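Undergrad: Listed below are the residues making up each chain.
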Amino acid sequence: MALAKETTTLTIASNGTNHIGDYVLIYGVSFDASSKPAYSETKYFVWWGVSDATAPSVSNATGVHVVIAGGDTSSEVATATSSAINSLDDFSSSVDGSIVTIINAHYGNVTASNVGTANAITVATTTSGTGSFISNIKYPENNSMYFIEGDKLAILSKLDSSGNRNNTARKSLKSIQEDLVEGLMIQYYAEPNSVTAITDSLDIDNALELSVVDYVKKCLYMDKAGKTADPNIMQASMAMATKHERNFKEAIQRYGVRKKDKTGGSRVVKVPNLV
Amino acid sequence: MAVHSITVKKLISRVRLVFPDAPEAYLLNLVNDALVEIGMYKTKVVTSKLNLESNKMYYDLADGATDASGKTLEANHVLRVYIMDNEGDYIKIPRLIDKEILLADVTNESNLNVPN
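Here the protein sequences line up with chains A and B, keeping their order. With the first letter of the first sequence counted as 1, position 68 gets the number 68 in the working numbering; the numbers rise by one all the way through. With the first letter of the second sequence counted as 1, position 32 gets the number 1032 in the working numbering; the numbers rise by one all the way through.
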């Protein structure tokens, strides 16, 4: 089953006076590209108070101050709460009346949100986040394999979700047994981005750009040959279409890789260690 | 000095020297056709990350397939596959040549093609 993002609802049932000094704990998934793993759980406390109020003391948590006034209605408190949470990168929030729905920005299993101190605020987890941030597989190169069948990539493993072997002699390769956030990385040749406006640049190496001109002209000459009733124009157009088609094919198929090859200089010959 | 490269506008201006009446929308379509054709060769190498899912054997690489952040893969030819290890590093895994595996662990598969 596809991984899920944690979704929490806060139901605010009373006006601002009753919520001053309240706080709830919510847990987001933070992304830091320089860390391993890149994703981790982050604890936040959302607290309600007037603008110059002092935050409650909550250990190892980042505070999110929802500024309210005593006379605010439950809907106004909910709107202010949603705005404050939306200012964080780890969540997106929406409000419907007095119900605030908070969705984690990233996949991953986190601690369920809970009430710290709150009057008339109900916290509920509507969808539990799934997916670990780090694998239990110690040596993927020895325990996992892949193959490609058509447009499907098959990933196989010999290990269970704890990293222990779960295969038998007959059933030696099973599917992966763990949910892992961004646990799979693939490197591939991709299609260039399409263009949508004349101000766009071509998403290809500039050594190949003129071949696009050849391709377009080839098509236009073929169109011209197809539309004309004059056999001379038809013949000349077909000759030009063939010429541009040849240019395109030579540029892309025959010399395309060599034209934009970034490999240069001497290469290292790596001798296997036979000892 | 900046590398010389041409925009679609410059490309169209070159074409219009010969075909001054060619419609812009049609030319854009032809440019995209050319890019699709060029994409079949080794032109653009991309690295994407996908979520690993428990009991899921087959991961989609079709035109509409997306990575973990929802971006379209647009994969033509897979070069290498890596799996995260217990230290958060991505380790290259070998390709299985003999695809005739005995076990098809596809109980929870959602993207298998089924008959219409």
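The hints are simulated quantities; they were obtained by calculation from the structure and are not laboratory data. Be careful, since some hints might not be right.
[Said to hold, decoys possible] Here are the simulated lysine-lysine pairs, DSS-like style, with alpha carbons at most 25 Å apart:
| # | chain 1 | residue 1 | chain 2 | residue 2 |
| --- | --- | --- | --- | --- |
| 1 | A | K243 | B | K1042 |
| 2 | B | K1009 | B | K1044 |
| 3 | A | K152 | B | K1009 |
| 4 | A | K243 | B | K1092 |
| 5 | B | K1071 | A | K158 |
| 6 | B | K1042 | A | K249 |
| 7 | B | K1044 | A | K249 |
| 8 | A | K36 | A | K5 |
| 9 | B | K1099 | A | K158 |
| 10 | B | K1009 | A | K36 |
| 11 | A | K270 | A | K249 |
Computed from a prediction, not measured in an experiment: that's the story for all the values here.
Undergrad: All the hints need checking, so say for each whether the structure fits it.
TA: Structure-based check of each hint:
no.	hint	result
1	K243(A) / K1042(B)	24 Å, holds
2	K1009(B) / K1044(B)	22 Å, holds
3	K152(A) / K1009(B)	38 Å, violated
4	K243(A) / K1092(B)	44 Å, violated
5	K1071(B) / K158(A)	30 Å, violated
6	K1042(B) / K249(A)	14 Å, holds
7	K1044(B) / K249(A)	18 Å, holds
8	K36(A) / K5(A)	20 Å, holds
9	K1099(B) / K158(A)	15 Å, holds
10	K1009(B) / K36(A)	44 Å, violated
11	K270(A) / K249(A)	36 Å, violated
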